[in-house]
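My request is simple: use the sequences and hints to build the entire structure.
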Amino acid sequence: MKKWFTLLSLMFAFLALYPSETHAADPPSLYLNGEPIGKGASPRVVNNFTMVPIRVIAEDIGYAVDWTAGTDKVRISNGGSLIELTFNRDTALVNGAEKPLGAPAFVDQGVTYVPLRFVSEQMGLNVYWDKDSKSVFLYDPRPAAPPAEEEEARDVEGIGIEDGEIIVEPGTGLPQVPADAQAVLKEIRFDGRQSVAMIFEGGIAPNEPFWLGTKLVIDIPYAALSPEIMSELAARKASQGELIVDLKAFERIRYSYFSNSPSTVRVVLDLKARLDYSLTIEDGTLYVDFATLDPPALDGKYIVVIDAGHGGEDPGAPSVTGHWEKEFNLAVARKVYRLLEQDGAIAPYLTRSEDAYIGLYERAAFANDIGADLFVSIHANRYTTSVSGVETYYNREDSLKLAEVLHKHMLAATGLPDRGVRKANFVVIRETVMPAVLLESGYLSNQKDAKLLFTESVQDRIAAEIVAGIREYLTAYGGK
Amino acid sequence: MLLIASCGKGPESAQPPSDASSGAGAQAPAGEPPGGTKAKPEPVTVKYYVANDRLDGLLEREAVVEPEEPSDTYRLAMEALKRGDESAGELPLWKNAVFRRVELAGGVLIVDVSLPGEARLGSMGEALAIEAIARTAFQFEEVSALEILVDGEQADSLMGHEELAHPIVRAAYPDEPDAGTAQALTE
Chain A
1 MKKWFTLLSL MFAFLALYPS ETHAADPPSL YLNGEPIGKG ASPRVVNNFT MVPIRVIAED
61 IGYAVDWTAG TDKVRISNGG SLIELTFNRD TALVNGAEKP LGAPAFVDQG VTYVPLRFVS
121 EQMGLNVYWD KDSKSVFLYD PRPAAPPAEE EEARDVEGIG IEDGEIIVEP GTGLPQVPAD
181 AQAVLKEIRF DGRQSVAMIF EGGIAPNEPF WLGTKLVIDI PYAALSPEIM SELAARKASQ
241 GELIVDLKAF ERIRYSYFSN SPSTVRVVLD LKARLDYSLT IEDGTLYVDF ATLDPPALDG
301 KYIVVIDAGH GGEDPGAPSV TGHWEKEFNL AVARKVYRLL EQDGAIAPYL TRSEDAYIGL
361 YERAAFANDI GADLFVSIHA NRYTTSVSGV ETYYNREDSL KLAEVLHKHM LAATGLPDRG
421 VRKANFVVIR ETVMPAVLLE SGYLSNQKDA KLLFTESVQD RIAAEIVAGI REYLTAYGGK
Chain B
1001 MLLIASCGKG PESAQPPSDA SSGAGAQAPA GEPPGGTKAK PEPVTVKYYV ANDRLDGLLE
1061 REAVVEPEEP SDTYRLAMEA LKRGDESAGE LPLWKNAVFR RVELAGGVLI VDVSLPGEAR
1121 LGSMGEALAI EAIARTAFQF EEVSALEILV DGEQADSLMG HEELAHPIVR AAYPDEPDAG
1181 TAQALTE
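Protein chains in written order, with the working numbering: chain A, 1 to 480; chain B, 1001 to 1187.
Honestly, the hints are just simulated from the structure, not real lab data. Honestly, I wouldn't trust all of these hints.
[As the list claims (entries may be wrong)] Computed list of lysine to aspartate or glutamate pairs in EDC-like fashion (alpha-carbon distance at most 20 Å, straight line):
hint, chain 1, residue 1, chain 2, residue 2
1, B, K1095, B, D1053
2, A, K215, A, D294
3, A, K401, A, E431
4, A, K215, A, D355
5, A, K423, A, E397
6, A, K451, B, E1118
7, A, K272, A, D294
8, B, K1047, B, E1141
9, B, K1095, B, E1062
10, B, K1047, B, E1079
11, A, K423, B, D1053
12, A, K401, A, D418
13, A, K73, B, E1153
14, A, K73, B, D1156
15, A, K237, A, E59
16, B, K1082, B, E1066
17, A, K73, B, D1151
18, A, K448, A, D460
19, A, K248, A, D270
20, B, K1047, B, E1069
21, A, K215, A, D270
22, A, K73, B, D1112
23, A, K448, B, D1053
24, A, K248, A, D276
25, A, K423, B, E1163
26, A, K73, B, E1103
27, A, K272, A, E362
28, A, K248, A, D289
29, A, K448, B, E1118
30, A, K215, A, E251
The structure presented is a predicted model; accordingly, all values stated were derived computationally and were not measured.
So, in structure tokens, the structure goes:
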């Protein structure tokens, strides 16, 4: 869904840039089920084919659109059929089968145009062209789907579909189970107290669950959704199913066909806190049992989020000592966490506790969701070999004091040159809603800085000073 | 923050490639010179940007390049981002990056890069690198947006601190250079 929004914002950006775009002297009018659509969209007629900005397909008709610039391909899906268009190519792939196009998709001034009739007909709409009024009428022969607005809104923070497109072969009944799936998910139940049961048919070997913020993510490789679930999702044009729990700290369960290489089912348990759980498999059923669904009592403790920058596939900067920045960030973050744990007035959280990739927005959302009082992101810098020193970044004015306090402690911990408290627009310090800073602890491109930062005793000192800075700040200014 | 520092020589501004913009619509840059082969390359002056030695702002520089064909100018402008005289306080931000593909398609300049380890910078380096490549791209009037891909993919972030817009639109980099990317507090 993220790409979807990217795409829409792209289109709006270009509409804003070209308000007076008037290529077609007399663009055709468009109607869906009798309602006018494509307002301000300026369709074009190419070789007698009506070409529409893809925004119309995405917004007005409501198909999912995925634009991959690197491959010059646009993928359009309605949950049932998948159309792949390549710019300037006169054939399209429909559910993998090549079909001729009257007019290929193209890009002009940043706007992607696709052939309206082809896309509509392949998606099962009836298309009529009225020559006199120069109008295109689209009709959906199927009964209208129930409104899914809430569904759509939720998808914004969707659990994501990597490449697990649900494809329904036209003319067949239920969707096929992918060949590599050794199990299918039949049903998910919540017992109303503290246990979730995921009922599979076939053998399963789930991956180790992991936390994204307070969401518990369980991937089950070599598994797929049952044909019944797939067709139900396709009918709702939804990429994921969900079960609302809404009990204490447990909000809901979501599930999707997450990937097709290998086929993977992803189940996400949306919680309001990281709760203790146990995982068991019995007769093809995967159980997640929580000891309690009560959120942990914080007793007025300050919530401090420590963010180890980068991780996983994003290694950050390399160090001249042969290490990676992500290692330094995580080592120090863990040390800070362990020290803060011993402070009765502070409840510390880590955005990542291992070498894992987490998106920048997810990091900020994690801190926002748990109502953090402070956010401290730990990084190390890189530039030329001669540059050395400590920089501390903030974005919002409410973060300046925290930046000043922590900067002072970072200078004391490292003994490196003072390169100043600076304002910048980095995502984690901008998107958080509490005082938030990003520490650039030293330059990994500099021999002296790098050696220092990868010395255990120096890391201990940095952690201790960060903790001292956090305490000093909370004592002076309190929580958010 | 952008500090304009003239480096003397050369014409007023970059020559946009002659097959520029509009009309042709969807097609990738036209490419073939008339007559098929080898017109003598015309030297073109392009602007590029490097960081200052405080790492809190950009410096504008110019380079003369000789594109084999007009559409090659974009790639050469990107390659110019690797230049910079470090001893003179001009620090290149893209020195170790690999430009895999540079192509104008319908007003969008697609720049596909690879970032080997040594090309990865700290937070402010990343911010300045993005501003430098964007300003280099937008010196060409026909470029209305810049789409940066990492190894052919739309990455969320280039180096893990800033978001990477898809695409970066010209409006994000107004000519008025005080866009507030990097403001060191006056000490």
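Results for each hint:
1. B:K1095 to B:D1053: This hinted pair holds, its Cα atoms lying about 15 Å apart.
2. A:K215 to A:D294: Holds - the C-alpha atoms of A:D294 and A:K215 are around 15 Å apart, at most 20 Å.
3. A:K401 to A:E431: holds (18 Å)
4. A:K215 to A:D355: holds (18 Å)
5. A:K423 to A:E397: Since the Cα atoms of A:K423 and A:E397 sit roughly 9 Å apart, the hinted pair holds (cutoff 20 Å).
6. A:K451 to B:E1118: holds (17 Å)
7. A:K272 to A:D294: holds (10 Å)
8. B:K1047 to B:E1141: holds (13 Å)
9. B:K1095 to B:E1062: Since the Cα atoms of B:K1095 and B:E1062 sit roughly 16 Å apart, the hinted pair holds (cutoff 20 Å).
10. B:K1047 to B:E1079: The given pair, whose Cα atoms are some 11 Å apart, holds under the 20 Å limit.
11. A:K423 to B:D1053: Satisfied, since the Cα-Cα distance of roughly 18 Å is no more than 20 Å.
12. A:K401 to A:D418: holds (17 Å)
13. A:K73 to B:E1153: Holds - the C-alpha atoms of B:E1153 and A:K73 are around 12 Å apart, at most 20 Å.
14. A:K73 to B:D1156: holds (19 Å)
15. A:K237 to A:E59: holds (14 Å)
16. B:K1082 to B:E1066: holds (16 Å)
17. A:K73 to B:D1151: holds (16 Å)
18. A:K448 to A:D460: Since the Cα atoms of A:K448 and A:D460 sit roughly 17 Å apart, the hinted pair holds (cutoff 20 Å).
19. A:K248 to A:D270: holds (12 Å)
20. B:K1047 to B:E1069: holds (18 Å)
21. A:K215 to A:D270: holds (5 Å)
22. A:K73 to B:D1112: It holds: about 15 Å lies between the C-alpha atoms, which stays within 20 Å.
23. A:K448 to B:D1053: holds (19 Å)
24. A:K248 to A:D276: Distance ~14 Å between A:K248 and A:D276 Cα, so the pair holds.
25. A:K423 to B:E1163: Satisfied, since the Cα-Cα distance of roughly 16 Å is no more than 20 Å.
26. A:K73 to B:E1103: Cα-Cα ~15 Å, so holds.
27. A:K272 to A:E362: holds (15 Å)
28. A:K248 to A:D289: holds (15 Å)
29. A:K448 to B:E1118: holds (17 Å)
30. A:K215 to A:E251: holds (10 Å)
Of the numbered hints listed earlier, not one is contradicted by the structure.
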